[in-house]
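Use these hints to put chain B onto chain A, whose structure you have.
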Amino acid sequence: MLPVIHIGPFAVQTPGLILLLGVWFAMDVTEKHALRFQVDPAKVYRLIVIGLISGVLGARIGYALQFPQAFLSSPLSFLSLTPQMLSVEAGILAALLVSLIYLQRAGLPFWQTLDALTTFFSILAVAIGLSHVASGEKFGIPTTLAWGVDLWGARRHPTQIYEVVVSLAILLAVWIPRKNFKASLFFEVPGGRFLLFVILTAIGQIIVETFRADSLWIGPFRQAQIIAWLILVVSLWVFGKRLRESVRISG
Amino acid sequence: MNSFATFRRFAILVALLAALWIGLSSYLIPGSTQQSAIAHRGFLAPDFALKSLDGETVRLSEFRGKAIILNFWASWCPPCREEMPALQRVSQAYQSRGVEVIAVNVTSEDVLSSVQEFIQSSGVTFTVLLDEQGEVQSVYRTSGLPTTVFIDQEGIIRDWIVGGPLPEALLLAQAEKFSQGEP
Numbered sequence: 001m002l003p004v005i006h007i008g009p010f011a012v013q014t015p016g017l018i019l020l021l022g023v024w025f026a027m028d029v030t031e032k033h034a035l036r037f038q039v040d041p042a043k044v045y046r047l048i049v050i051g052l053i054s055g056v057l058g059a060r061i062g063y064a065l066q067f068p069q070a071f072l073s074s075p076l077s078f079l080s081l082t083p084q085m086l087s088v089e090a091g092i093l094a095a096l097l098v099s100l101i102y103l104q105r106a107g108l109p110f111w112q113t114l115d116a117l118t119t120f121f122s123i124l125a126v127a128i129g130l131s132h133v134a135s136g137e138k139f140g141i142p143t144t145l146a147w148g149v150d151l152w153g154a155r156r157h158p159t160q161i162y163e164v165v166v167s168l169a170i171l172l173a174v175w176i177p178r179k180n181f182k183a184s185l186f187f188e189v190p191g192g193r194f195l196l197f198v199i200l201t202a203i204g205q206i207i208v209e210t211f212r213a214d215s216l217w218i219g220p221f222r223q224a225q226i227i228a229w230l231i232l233v234v235s236l237w238v239f240g241k242r243l244r245e246s247v248r249i250s251g
Numbered sequence: 252m253n254s255f256a257t258f259r260r261f262a263i264l265v266a267l268l269a270a271l272w273i274g275l276s277s278y279l280i281p282g283s284t285q286q287s288a289i290a291h292r293g294f295l296a297p298d299f300a301l302k303s304l305d306g307e308t309v310r311l312s313e314f315r316g317k318a319i320i321l322n323f324w325a326s327w328c329p330p331c332r333e334e335m336p337a338l339q340r341v342s343q344a345y346q347s348r349g350v351e352v353i354a355v356n357v358t359s360e361d362v363l364s365s366v367q368e369f370i371q372s373s374g375v376t377f378t379v380l381l382d383e384q385g386e387v388q389s390v391y392r393t394s395g396l397p398t399t400v401f402i403d404q405e406g407i408i409r410d411w412i413v414g415g416p417l418p419e420a421l422l423l424a425q426a427e428k429f430s431q432g433e434p
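Protein sequence lines correspond, in order, to chains A and B. Going by this note's numbering, 83 is the number at position 83 of the first sequence; the sequence numbering is gapless. Each number in this note's numbering corresponds to the 1-based position in the second sequence with 251 added.
Next comes chain A alone, as it looks inside the complex (with noise of 0.2 Å):
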């Protein structure tokens, strides 16, 4: 775990640096990998560019919606790196309307648009659990067994490398698709490979969240399973709906 690292007079987040690399690797992937899937690589890129500036920008909007007066009173904090200052609820909705809007401009076909952007978000979810090694969070109950490892005045587990390894999983399963392999179904369907992901990463969220320690609950439940699980089903029922689709067309 290192939070801070420290170059000269300097603090660089850890977090935030692994980030920002894993957001710059996934994206030169995506574009290299974009033809796999019939889309135009350029507009591939261009709509995750244009995703994460209105993803970042709706972002800090919804956050100054929210408290008004105190931007009133700093106009210019509106302008600051901080991050602690974005609301994520208003970040996605922004750039999923933003990106919408392109793709349909850009006259991007929707599912398979959303396979080749599997890569990125594949590659990100990585990132996003190696961020989680560096700073310590999403940690996890405290255990006895003997992967525990010692973080907060208590042996834990390694919930944030259960999450690395989830996710290790999920880009593999999704970046393979073999022959006679189960999954390969999946990858018969436009679209079926982001909804391959959105599963395994439901399930994953399942599966880690049952071992984190700073879960929020929702009377005995615990808040991210029911939100991972309500998207499981959604998943499930979607690629189901367009498998059906496919089955008629070809038969």
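Quick caveat, the hints were computed from the structure, so don't treat them as lab data. All C-beta atoms, glycine included, are put in the ideal place defined by N, C-alpha and C. Just to be clear, a hint being listed does not mean it is correct.
Said to hold, decoys possible - Facing chain B, according to a computed beta carbon distance under 10 Å, are these residues of chain A, among others: (1) Phe10; (2) Val49; (3) Ser77; (4) Thr82; (5) Ile128; (6) His132; (7) Val164; (8) Pro190; (9) Ala202; (10) Pro220; (11) Ala228; (12) Arg244.
Said to hold, decoys possible - Which stretches of chain B does chain A cover? Using the computed rule of at least three CB atoms under 8 Å from a CB of chain A, they are: (13) 373-380; (14) 402-416.
The following block gives chain B in isolation, referenced to the frame of chain A:
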């Protein structure tokens, strides 16, 4: 049609197994009690007692029930000096609304006369504590200065930021959240 029927059975099985896992794991593996001797987000803020500039001993737990913006600083650190006026304004605006600003000077790495001089000249009125042995600094892992820790009314650390100067809007927004009873 066969692949669809197979998938439907598979999907139902996966959804049911996931639901079963969630139910069982929530029941069998409860979350841990968030206590640690080391300061970290999500844990109870470790208690400490330090002398103030006035020579009084002040204990962090005395402020339980109030939200706290705990700022570690040194008089030789430019960003620390730069963010002091913003902290003062936040203190003035929110002290009556249950938000306390406390500055902990890392006196083990500072010169007391410089600390006193700076505090007098900058018109700071909130509590300034002196960490003469560097013990609190070590517990709160101030790997860089300034370090600002946001502690809610229950004594739980909600955020922890290394570096500065922090934008005033962030301090105001956090104080506003706390004053409304939000974590």
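Check each numbered hint from earlier against the structure, then list the numbers of those it violates in ascending order.
Violated: hints 2, 5, 6, 7, 8 and 13.
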